[in-house]
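> Now for the letters of each chain:
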Amino acid sequence: MKRRDFVKGIVLASGIVGITPFIPAGKFLVTTFSFKYVRQKIANVNDIPPNNRLLFTYPKTGDIEQDSDPFRKFLLIRLPNGEFKAYSAVCLHLWCIIDYKPDKVDIECPCHGSTYNAQTGVAFKGPASKQFNKTLPEVKLEIDDNGDIYANGVIGVIGYGREGA
Amino acid sequence: MGEKGHKNIGKLLADLYNWVIDRLRRTVLFGIRLVIPKKLLSIHGFLGMLTLVTFIILGVTGVLLAFYYKPSITQAYTSVKLINNEVEFGIIIRNIHYHAANAMLILAIYHLFYQLFSGKYKVRNEVIWITGIITGVLTFLEAYTGYDLILNERGVLAINIGASLTNSVPIIGRTLASILLGFGFSDIILHFYIFHILVIPLLMIIILTIHLPRNLIFDPPVVAVLGGAILIAAGLYPVPLGEGFNPNIPPGITVPEWYITGLYALLRTGIDKFVAGVLLPTLFIVYFLLIPFIDKNKSMSWHDRPLITGLGIAGLAQIALTTVWGFYINPNKVIGLAERLAIDPIQFYIILAIIIAASIIASYVYSIYIHPKISQNRTSNKTVKNFKFTISERAITALVIAAIAIQVILTIYSINSYANKLYNISMISMGASLTIFGFLIHLARIFSAQEGD
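Quick note, the sequences are listed as chains F and D, same order.
Letter by letter, the first sequence follows residues 1 to 165 of my numbering.
Letter by letter, the second sequence follows residues 166 to 618 of my numbering.
Keep in mind the hints are simulated off the structure, nothing from the lab.
Quick caveat: nothing in here was measured; it's all calculated off a predicted structure.
It is possible that part of the hints are untrue.
To give a feel for the contact side, a few chain F residues facing chain D, derived at Cβ under 7 angstroms [what the hints assert, rightly or not]:
no.: 1; residue: Val38
no.: 2; residue: Gln40
no.: 3; residue: Asp63
no.: 4; residue: Glu65
no.: 5; residue: Ser68
no.: 6; residue: Trp95
no.: 7; residue: Ile97
Straight-line C-alpha distance at most 30 angstroms; calculated DSSO-like pairs for lysine-lysine [what the hints assert, rightly or not]:
no.: 8; chain 1: D; residue 1: Lys246; chain 2: F; residue 2: Lys36
no.: 9; chain 1: F; residue 1: Lys36; chain 2: F; residue 2: Lys2
no.: 10; chain 1: D; residue 1: Lys246; chain 2: F; residue 2: Lys73
Label-pair restraints from in silico Cβ distances [stated by the list, open to error]:
no.: 11; chain 1: F; residue 1: Val38; chain 2: D; residue 2: Leu341; range: 37 to 47 angstroms
no.: 12; chain 1: D; residue 1: Val288; chain 2: F; residue 2: Phe22; range: 39 to 49 angstroms
no.: 13; chain 1: D; residue 1: Glu253; chain 2: F; residue 2: Asn146; range: 33 to 43 angstroms
no.: 14; chain 1: D; residue 1: Ile371; chain 2: F; residue 2: Gly9; range: 30 to 40 angstroms
no.: 15; chain 1: F; residue 1: Lys36; chain 2: D; residue 2: Arg191; range: 50 to 60 angstroms
A virtual CB, placed ideally from N, CA and C, is assigned to each residue, including glycine.
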């Protein structure tokens, strides 16, 4: 090996080694796909009759700008059998706000007619049902002895569903 | 001060000018040669420069708008409304920005296809061609990120489609969405804002340094007319505010801006999102990037390269067809929204295929059968046309005085209309006055050319 090639090789190797620690810094650009989902009281069982729903903000920050984000909007649904379910209110198709329909006992998107099963949160009709991601993110609910309903964490990614989360 | 003092000031200014110019020769500025033509040339030769002029107009008006705009969910729409309704000249600045963007896209497309059909990407211009295509794509993204910022129904629809397309990319989709959009609307609006006012324009400026040729033709009359046209368009078709975004109210039927309806039509055919919205447009762009390497023909004239010309016509026709089709929504209100928006994919893609085939066949037929005959005829009865257009000095003087008089009237009318809140008329008058200014400097050019004879 020529002396000149050896020096070139060393400089190259040094450069590569020097740059390596900066590569993971690319993570700076990658946002975490969640908010801080702390335990938060959202309602009381008496606030919502069976076969009805309530739109709530979670996690609530008190800041109007942050709290108006559709990604913080959830539907608390009391099914006809009295069971409570809470799903992200953001449709998985094009992020419109979906709503619970008591007469059909399902969740519908007003924009393009995507329809979700209220029991499971899985889309079975409309454009969202044809996607890979078709299961609405669900809020983990806790009900205490006073009937207070607490949200404590979210399964899935808002806007992107539970698939591959 | 007498005649002598006047002369001295003139000499002083001339000296100062020469002193500054001499020093500027040492800077990068003089690496570019700005040519101001002495007569009216075809605009085909400097469409790129006109596109650059609109880019500069957009930069200036964009900075002004940024003084008032607020990238936030709760304030984006209200801040644009403030610009439009309350801020002095806000409505005019906003409309110039909007229509300059339209003009920039139209000029960029025109520029692209002129260069394509005239084979300008040959003769060591391959890098200029490729950077041109990249700048074109960036221009499109710049326009897209711009019209969403207002956060009206139309903007949010476009944001959501963009997010959905990003997420549809296999494997890296989620990471890409995370980097480009962040999480939640609060992040999205901020990201779009940063892309629109900083990242994309900066990339465009950097890439333009390896796109702009060293010789640039700057024709003041045409530039003035372009500015006038933007103002007149702004007055005739002022951009509405639209309905502010409210996540709790389902949006009505909205169609995106004209430069996105093509993509919108592809998406509405219901085939896989990634294929329709990402893969097909990417292939379209990649084809354009590869043209200089596909077309090895030495000839620059379009009828010697029937395949490339045919594909070029096909590309233009596809853009036109998808764009127009994207605007069409089934007016039958009885059926659901999803059904109204649906486009029959078989019908759609068969027509696209027919257009491609027809363009190529037509191009071959023309260059093999029709063109040789035409050029034969042309050479047989070629007559030398050499007439010179001269205007008498008197006529020019009369025209110039009339033009200035009309300009004065238009300016007064414009100021008066603005004071009476007739903003459209004000913009149209401003535009007309600027157009007349363009004609006037053209007349001055003819006049000085005659002096020189």
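> Evaluate each hint against the coordinates.
Checked hints:
Interface hint at F/Val38: violated, since its Cβ lies 16 angstroms from the closest Cβ of chain D, which is beyond the 7 angstroms cut-off. At about 17 angstroms, the closest approach between the beta carbon of F/Gln40 and any beta carbon in chain D exceeds 7 angstroms, and the interface hint on this residue is violated. Using the Cβ-Cβ criterion of 7 angstroms, the hint placing F/Asp63 at the interface with chain D is not satisfied: the shortest such distance is roughly 10 angstroms. Here the hint on F/Glu65 is kept, as its CB sits about 5 angstroms from the closest CB of chain D, short of 7 angstroms.
Among the interface hints, the one on F/Ser68 holds; its C-beta lies about 5 angstroms from the nearest C-beta in chain D, closer than the 7 angstroms criterion. Hint on F/Trp95 holds. Least Cβ distance to chain D is approximately 5 angstroms, under the 7 angstroms limit. Look at F/Ile97: its Cβ gets to within about 5 angstroms of chain D, closer than 7 angstroms, so that hint holds up. A hinted pair counts as satisfied when its Cα atoms are at most 30 angstroms apart, and D/Lys246 with F/Lys36 does not qualify at roughly 33 angstroms.
Among the hinted pairs, F/Lys36 with F/Lys2 is inconsistent with the structure: their alpha-carbon atoms are about 59 angstroms apart, more than 30 angstroms. Note on D/Lys246 and F/Lys73: the hinted pairing holds, with a Cα-Cα distance of about 26 angstroms set against a maximum of 30 angstroms. Checked against the given bound of 37 to 47 angstroms, the beta carbons of F/Val38 and D/Leu341, roughly 29 angstroms apart, lie outside it. One distance hint, 39 to 49 angstroms for the beta-carbon pair D/Val288 and F/Phe22, holds here, with the actual separation near 41 angstroms.
Taking 33 to 43 angstroms as the suggested C-beta distance range, the pair D/Glu253 and F/Asn146 does not conform, at roughly 58 angstroms. D/Ile371 and F/Gly9 have their C-beta atoms about 32 angstroms apart, which keeps the hinted 30 to 40 angstroms range intact. At about 57 angstroms, the beta-carbon gap between F/Lys36 and D/Arg191 stays in the expected band of 50 to 60 angstroms.
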